[in-house]
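Colleague: Residue numbers (this note's numbering), protein chains in the order written: chain Z, 65 to 427; chain H, 4 to 295; chain X, -19 to 307.
Rather than coming from a laboratory, the hints here were simulated on the basis of the structure. Every residue, glycine too, gets a C-beta built ideally from N, C-alpha and C. Heads up, a few of these hints could be off.
To be verified - Below 30 Å or equal to it, Euclidean Cα-Cα: the simulated DSS-like pairs (lysine-lysine) are:
| hint | chain 1 | residue 1 | chain 2 | residue 2 |
| --- | --- | --- | --- | --- |
| 1 | Z | 241 | Z | 175 |
| 2 | X | 293 | H | 124 |
| 3 | Z | 194 | X | 190 |
| 4 | H | 124 | X | 68 |
| 5 | X | 68 | Z | 79 |
Said to hold, decoys possible - The following label-pair restraints were derived from C-beta to C-beta distances:
| hint | chain 1 | residue 1 | chain 2 | residue 2 | range |
| --- | --- | --- | --- | --- | --- |
| 6 | Z | 173 | H | 282 | 53 to 59 Å |
| 7 | Z | 234 | X | 289 | 32 to 38 Å |
| 8 | Z | 389 | X | 289 | 38 to 44 Å |
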Amino acid sequence: MASVTITNVWKYYGKTVAVKDLNITCNDGEFVSVLGPSGCGKSSTLRMLAGLEHISAGDIHFGDTRVNDLEPKDRDIAMVFENYALYPHKTVYENMANPLRLRGESEDLIKKRIAFAAEMLEIEHLLQRKPMELSGGQKQRTAIGRAIVREPKLFLFDEPIAHLDAKLRARMRGELKLMQRRLGTTMIYVTHDQLEAMSMADRIAVMHNGVLQQFGTPQDIYNHPVNEWVAGFVGEPPMNFIDCDIVDEGGKLHAVHSSFKVALTEGHAKLLNGALRDKSVRMGIRPDQISISVGSGSGVDGRIKLTEPLGGDTLVNVDLKGADQVLVKTNPDFSGAMDQACTLTFDTSRWHFFSKETGVAYF
Amino acid sequence: MASRDVVAYKTPLSRIWNIFTVVFIAFYLLWTLLPLMIMFFSSFKDLLAAFQLPPVGAFSKIGLFFDFTPTTKHYYNLFVNLGFSTYFANSIISAGGSAIISVVLGSMCAYALSRYEFRGKPDLFFWIISTRMAPVVAVLVPLYAIFRGADLIGTKAGLILAFTTFNLPFAIWILKGFFDNVPYAIEEASMVDGSTRFQAFRAILPLVAPGIGAFVILCILFAWNDFLFSSIIGSGGAKTLPPATVQLVQPQNIQWGSIMAAGVVTTLPMMFLGLLIRRYLVTGLTMGAVRE
Amino acid sequence: MVSTGSGNAVSTAHDGERYVEGARVIEHMPASLNAVPPSRYYLWLMAPALIVLAAISIYPFFWLIWMSLQNVGAGPEVEFVGLKNFIKLWSDDKFWMGWILLFKYSFFCMFFEITIGVFLAVVLNGHRFENILITIFLMPMMMAPAIAGLVWYYLFNSTFGWYHWLFQSLGILGETSIIGSTETAMAGIVMVDIWQWTPLITLITLAGMKRVPRDQLEANMVDGASAIRNFIAITLPNIYPFLLIAIMLRFMDNFRFIDVIMRLTGGGPAEVTKVLPVYLFDVSFVYFKLGRGSAIALTLLIVTIIFGKLLVKVFESPASKRIDQGN
């Protein structure tokens, strides 16, 4: 087991830069997820950790060992690939035995380790099958089995459950998290699915265009996104963004839009006062931080455009005055009809303000 | 592939079509098999029987073809008097040797070409394949000069090398296609599992083994059936079956019985091998462009 | 740097750090790059094959160029003559005739092989005995061309050849064998090529037909197309790239192999079947005019390489990418 330190790491593919000046430290035994859309550099990062790609600049340390020049086989890692990468001509047992065989372990130990892993992954009955005879979920379990029999210092998972169906994915999320806690091995888990990252990881590194945007706990990332891009990327349905002006009225700051004027909490006002560069800002608020009621009242006036009942929740598209639109997540009992007038209330303790110019969060 | 055919409906036209297809297939079957059959039967015919024909136009006497007492004396003659056992062995050794060399060197090179990106790769690749496309007659003279300089004329080693001129580029070209189809992730998994890069290469060999086996056979087939190289480069000590058979054609005395027998001896093993790799035949004969 | 938690309450843009569409971007360059470890691994894997290939292709090529500038007689003396061999070729009727005959021969072979081969594929596709039949049809392809030439020489023989007897009985031919007459000799050698190689076209076409998207055929049928229209509108465009590859491969083979022609006619009668490679063989191996032979060989090589370039283009065209996807 080991901590992982990524220091000023760059990855070039010819002239294109996949990873720029990356710094991440993950602690021993920690579950770190690298999250981002495709092409953000997350897979390149993982492959550099595995030793499958040359590190163009910077250093990677496992514990105190600099691993830049170590071959994959010498890094004591185990990796699970997006497409499983099982040896098609070998049985499940032989697939799992392979890393141990290559290290010259005894048959007894191999048997013991495989029995342990197979039991944990519930694939004991599949050991004599070949990958072709397995379902996607079973292949994926085999690939994980091959990784855990090694008892490596570090797990590297590259979108391992991206190709499973939604139900199985949900189940695997729980199982993987449990497995990592049980084994206590440091894990770096690459995914484009924020649900996976949020639900499993101790900390999440959000990447975009090769640049680390934010590194923090899931709560941190969700509640305190450092910039507009992170705020928009994390959270489903995505955050609403509305441009508004900050106006000082009688010593109190207000967010002013053509359809509302809402006072800022004192704490937020204090934070904003020193930092504000321009009176125009971008307000961000998540759909579940807005409450909605039918009819006009004291609050933000709007008009219902569309309602989408999802069973557990109902999504309501509301037109504000001006060209803006907000999405509201409310309870399933909501009974507004199209074109009805409605009133919105913002949870001002949890909204966000971003610089209109840079997108950096004020708080 | 259970129902790959689009549903068809019966119409008067389709009935005529069906009858027509049966006739066409029957005719094509005859066209394909007749020369082979005549070769086969003639190899068992006495010289006189082999030269017997019905009078022109007498279609009713066509049965004359089967009117003979089978004899195996041509085969006996081939192997006992004409030294065909040596030629047969030469064929096996030189074709097999070149096939194995081509596929071993070829798979290493093809693997590297498949996995390694570098500048000028398309040009290198084209150069490789153009050596295969070169007309045999065009390169025969310079090769003869080189081989004579190296004292390789009439030796099996020389012939193996000569066959390698067309088998090696073929093997590289076609095996690259095979390696391209093996996901790189499997080697990566193997390297992470703890193997060296060369061990990782060996780890994926079983995946392409059926293809490699088939192309060993196809290389044997190409070399076995070659005539020009083996008659010029192999002349003397390393004559293979096709030039040996052709040599039975002598101005005064064409030994048709023995020629037909030699034809059977040369052709049958290849037909058997062709059958064996039937699945890879299209891929092989189209240089990998078409897969079945 | 990036805020790593709620502790840093307000984070504004630092100097030198820029934001695009709300996301942090980095515009500076790394201070230094790590050295790339030299990797000769792949080079070592390629080396043996490339060395063998170079020895048997580059050297002969330059040898050909060198020789084409010499006058080599029957004796040992060799004389440098510059481009004289090529200039002589320009006014050599047999040389030009060789090219014309080569293209004529290739054209006839292609025409009949494609027509019969595609038709055979249409008939066989989905046939109950498709697999057995195609396996039987493939048999001539396994035969050495030299042997095929001999067998057909026997069949065409004017005194005891069964095919000659058949032609005579049908009133197609007289006493002279098909390969003995200047009018029919070309037909004779084309016939053998058809016999051996039509099945390849069939095989390739069949492989193409299996790839024709079923939904396209069905949609067209629902739109009211007949089977024939379906073939022309959907199947043919789909197998076109396959056919193109087949044509080019056969074309190049006609350049490469002369075994059948050598056995049947040797270029005769009256040189009506003396295609260029046969002429080249005569010049080099019968008259031993190695200088002139090298010049001819070079022209043949260059045309082949141009064809090869075209072929590779077809291989790599989007149309044949479609071929691979089916796999």
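Colleague: For every hint, state whether the structure bears it out.
Modeller: Status of each hint after checking the structure:
1. Z:241 to Z:175: holds, 25 Å
2. X:293 to H:124: holds, 15 Å
3. Z:194 to X:190: holds, 28 Å
4. H:124 to X:68: Outside the cut-off at roughly 38 Å; violated.
5. X:68 to Z:79: This hinted pair is violated, its Cα atoms lying about 53 Å apart.
6. Z:173 to H:282: 53 to 59 Å: Since residue 173 of chain Z and residue 282 of chain H have Cβ atoms about 41 Å apart, the given range 53 to 59 Å is violated.
7. Z:234 to X:289: 32 to 38 Å: violated, 54 Å
8. Z:389 to X:289: 38 to 44 Å: Violated, at about 57 Å.
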